[in-house]
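**Q** Chain residues, written in single-letter form:
There are 2 protein chains.
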Amino acid sequence: MEQLKQMIREQGIVLSEQVLKVDAFLNHQVDPRLMQQIGVEFARRFAERGIDKVLTLEASGIAPALMTALALGVPMLFARKQQSLTLTDDLLTARVYSFTKQVESRIAVAARHLAPGERVLIVDDFLAHGQAALGLAAIVRQAGAQVAGIGIVIEKSFQPGRGELDRLGYRVESLARIASLEGGTVRFVDADA
Amino acid sequence: MEQLKQMIREQGIVLSEQVLKVDAFLNHQVDPRLMQQIGVEFARRFAERGIDKVLTLEASGIAPALMTALALGVPMLFARKQQSLTLTDDLLTARVYSFTKQVESRIAVAARHLAPGERVLIVDDFLAHGQAALGLAAIVRQAGAQVAGIGIVIEKSFQPGRGELDRLGYRVESLARIASLEGGTVRFVDADA
Numbered sequence: 001m002e003q004l005k006q007m008i009r010e011q012g013i014v015l016s017e018q019v020l021k022v023d024a025f026l027n028h029q030v031d032p033r034l035m036q037q038i039g040v041e042f043a044r045r046f047a048e049r050g051i052d053k054v055l056t057l058e059a060s061g062i063a064p065a066l067m068t069a070l071a072l073g074v075p076m077l078f079a080r081k082q083q084s085l086t087l088t089d090d091l092l093t094a095r096v097y098s099f100t101k102q103v104e105s106r107i108a109v110a111a112r113h114l115a116p117g118e119r120v121l122i123v124d125d126f127l128a129h130g131q132a133a134l135g136l137a138a139i140v141r142q143a144g145a146q147v148a149g150i151g152i153v154i155e156k157s158f159q160p161g162r163g164e165l166d167r168l169g170y171r172v173e174s175l176a177r178i179a180s181l182e183g184g185t186v187r188f189v190d191a192d193a
Numbered sequence: 001m002e003q004l005k006q007m008i009r010e011q012g013i014v015l016s017e018q019v020l021k022v023d024a025f026l027n028h029q030v031d032p033r034l035m036q037q038i039g040v041e042f043a044r045r046f047a048e049r050g051i052d053k054v055l056t057l058e059a060s061g062i063a064p065a066l067m068t069a070l071a072l073g074v075p076m077l078f079a080r081k082q083q084s085l086t087l088t089d090d091l092l093t094a095r096v097y098s099f100t101k102q103v104e105s106r107i108a109v110a111a112r113h114l115a116p117g118e119r120v121l122i123v124d125d126f127l128a129h130g131q132a133a134l135g136l137a138a139i140v141r142q143a144g145a146q147v148a149g150i151g152i153v154i155e156k157s158f159q160p161g162r163g164e165l166d167r168l169g170y171r172v173e174s175l176a177r178i179a180s181l182e183g184g185t186v187r188f189v190d191a192d193a
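Protein sequence lines, in the order shown, are assigned to chains V and U. Numbering of the first sequence is given in the working numbering, commencing with residue 1 and proceeding in unit increments. Numbering of the second sequence is given in the working numbering, commencing with residue 1 and proceeding in unit increments.
It is worth saying that the hints were derived from the structure and are not from the lab. Do not rely on the hints blindly, as some may be mistaken.
Copies of the same chain look alike in the list, so a pair counts if it works inside one copy or between any two.
[To be verified] Mimicking EDC-like on lysine to aspartate or glutamate, the simulated pairs with C-alpha atoms at most 16 Å apart in a straight line are:
no.: 1; residue 1: K101; residue 2: E164
no.: 2; residue 1: K81; residue 2: E58
no.: 3; residue 1: K21; residue 2: D90
no.: 4; residue 1: K5; residue 2: E118
no.: 5; residue 1: K81; residue 2: D166
no.: 6; residue 1: K101; residue 2: E48
no.: 7; residue 1: K21; residue 2: D89
no.: 8; residue 1: K21; residue 2: D52
no.: 9; residue 1: K5; residue 2: D190
Put together the whole structure using the sequences plus the hints.
**A** In structure tokens:
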């Protein structure tokens with residue numbers, strides 16, 4: 001997605017060979033017009049998958065997931081990172097390790113919001129080690145629902161997440177695939193459309 | 001806002017005289033079409049305020065704030081509840097006590113995303129004791145920016161937040177104002193348009 005890659009080039013900050021900071025338009029300050037374009041693009045790429053619901057993880061996934069759900073005309077559901085006092089239903093949970101923050105957290109969804117047989121599109125802002133996507137997929141399976149696809153805004157293709165999700169047979173669509181952050185420069189995967 | 005009040009009546013769950021659960025369409029599962037309507041309505045109500053940016057607090061504020069920012073054609077910024085590893089800038093912070101969760105948390109915004117003189121619209125999903133709105137307003141003032149208004153999706157008018165914000169002179173617009181949750185029934189403020 002060319003508009004996204006252009007914003008990564010212009011406003012992304014390479015903090016290390018592992019970490020790209022995009023807090024100017026994606027995960028702290030958010031560009032709503034770009035999110036809308038991202039939503040339309042995910043809806044286009046997964047149009048034939050019969051999506052019933054979009055699932056993401058708070059907080060950075062909410063903006064792209066919401067716009068995707070709007071474009072698809074379905075509800076969006078975001079997993080919570082910790083149990084909140086009003087989330088008192090039966091919970092579906094998974095453990096997710098964040099390599100960035102170096103903490104394991106429990107993510108949870110109220111069971112009544114995921115029905116058996118529903119076709120769920122998982123959307124997240126980043127794919128690195130794949131922990132968040134795998135945790136969300138585990139929750140979908142616990143509900144007896146199906147993972148109909150995984151939509152990623154920015155994939156760090158040099159980290160193992162994409163390979164793992166491919167190996168498990170998931171249909172993954174990433175809007176920007178980063179081959180390397182070496183030398184402080186963002187290099188995209190050549191084949192990326 | 002009639003559509004919102006109708007969804008509160010139909011899908012809201014009164015957990016106690018203090019707590020209304022709206023996790024079917026606002027703060028867990030999210031109705032993107034309703035969020036879009038909410039965004040358009042806030043944009044209409046604050047159209048004359050010269051808004052430069054919409055500010056909210058993760059995670060539940062993100063959906064209505066994003067749609068408001070889209071309708072206004074400005075960026076959205078969400079405060080973080082804890083310092084994240086990639087949020088390494090100079091931070092503007094405030095302490096916010098959650099009566100629901102009974103914990104105090106530190107909320108933070110990277111200083112470079114709020115400029116002196118900017119006119120900021122604060123948007124949040126709920127107004128109860130006003131702690132989140134007051135914390136966000138404190139951050140805006142630290143930046144030398146101005147609070148141009150406060151947009152609330154659901155106001156619990158029987159709790160002290162609204163009165164406190166009015167007393168401080170803020171322009172507050174709440175889309176649904178709840179007078180009471182007594183007897184397990186949602187009663188709206190009569191004057192509510």
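**Q** Output the numbers, in ascending order, of every earlier hint that fails for this structure.
**A** 1, 4, 5, 6 and 8
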